[in-house]
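*Asks:* Residue numbers for the sequence shown follow full-length UniProt numbering, beginning at 1 and rising by one.
Don't take each hint at face value.
Stated by the list, open to error - Lysine-lysine pairs mimicking DSS-like chemistry, simulated, CA-CA at most 30 Å apart:
1. 97 <-> 69
2. 69 <-> 131
3. 131 <-> 65
What the hints assert, rightly or not - Restraint ranges, calculated between C-beta atoms of paired labels, are given here:
4. 149 <-> 23: 50 to 60 Å
5. 22 <-> 126: 55 to 65 Å
6. 65 <-> 182: 10 to 20 Å
7. 122 <-> 152: 53 to 63 Å
Derived by calculation from the structure, the hints in this document are not laboratory data. Positions of the beta carbon are idealized from the N, C-alpha and C atoms, including for glycine.
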Amino acid sequence: MNYSLLKAVIELLEEFEASAKSQKVEDFTIWLNNKLFSRDQKNVHTHHDDLLIPFKIMMLNKELKKQTKIILSNSELTSIDEYSFLLHLSYQESFRKMELIDLHNLEPPTGIEIIKRLLKNGLIEEFADDKDKRAKRIKANQKGIEELHKIKPGIDLIFLEFTKPLNLNEKIQLSGFLNKLISRMDS
Numbered sequence: 001m002n003y004s005l006l007k008a009v010i011e012l013l014e015e016f017e018a019s020a021k022s023q024k025v026e027d028f029t030i031w032l033n034n035k036l037f038s039r040d041q042k043n044v045h046t047h048h049d050d051l052l053i054p055f056k057i058m059m060l061n062k063e064l065k066k067q068t069k070i071i072l073s074n075s076e077l078t079s080i081d082e083y084s085f086l087l088h089l090s091y092q093e094s095f096r097k098m099e100l101i102d103l104h105n106l107e108p109p110t111g112i113e114i115i116k117r118l119l120k121n122g123l124i125e126e127f128a129d130d131k132d133k134r135a136k137r138i139k140a141n142q143k144g145i146e147e148l149h150k151i152k153p154g155i156d157l158i159f160l161e162f163t164k165p166l167n168l169n170e171k172i173q174l175s176g177f178l179n180k181l182i183s184r185m186d187s
């Protein structure tokens, strides 16, 4: 039997033990991951690998939009963005229009169109902001809350099924990785 892989793992373990005080397998795993997949390893990954991650995220986004369209086809809402706007409005008394648009990382014209559709369908209300007379605030009304309660179980089920292949640890890690990418966009 060839033990070259085992010898390589033992050498890495010895290197870890010399540089770290921990004796936990979890800490060794993290150390090993950082060592093997650090940015210093120029030959390990290619430009193609960097392009695959955004592509895969876009594919997942498209799949979620496709699945939620089925639920939304029986609703007064026409897009997942409208659903998300209404959902956020249900969590808070009101938002200034631009606060809600910025929260969703949308261009102002796109966000205003979503708000106009929600207003036209009578799902939200618009009123003057007490602190800034130039700004308008919006809030979910009773009809909007009822519409949200009608479709939320179906959307929640799609989102739960979407992450079902991941265990809790993988969900936490993925969420952390996505937060890291999102915070990079904000800077």
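*Asks:* A separate judgement is required for each hint: does it hold in the structure or not?
*Replies:* Comparing the hints with the structure gives:
1. A hinted pair counts as satisfied when its Cα atoms are at most 30 Å apart, and residue 97 with residue 69 qualifies at roughly 25 Å.
2. A distance of roughly 38 Å separates the Cα atoms of residue 69 and residue 131; the hinted pair therefore is violated under the 30 Å criterion.
3. A threshold of 30 Å between alpha carbons decides the hint, and for residue 131 with residue 65 the separation of about 37 Å lies outside it, so the pair is violated.
4. The given range of 50 to 60 Å is respected by residue 149 and residue 23, whose C-beta atoms sit roughly 51 Å from each other.
5. Here the CB-CB span from residue 22 to residue 126 is close to 56 Å, well matched to the stated 55 to 65 Å.
6. Range check, residue 65 to residue 182: about 19 Å between beta-carbon atoms, so the 10 to 20 Å window is met.
7. Against the hinted window of 53 to 63 Å, the Cβ-Cβ separation of residue 122 and residue 152 comes to about 18 Å, which falls outside the hint.
Of the numbered hints stated above, those contradicted by the structure are hints 2, 3, 7, listed in ascending order.
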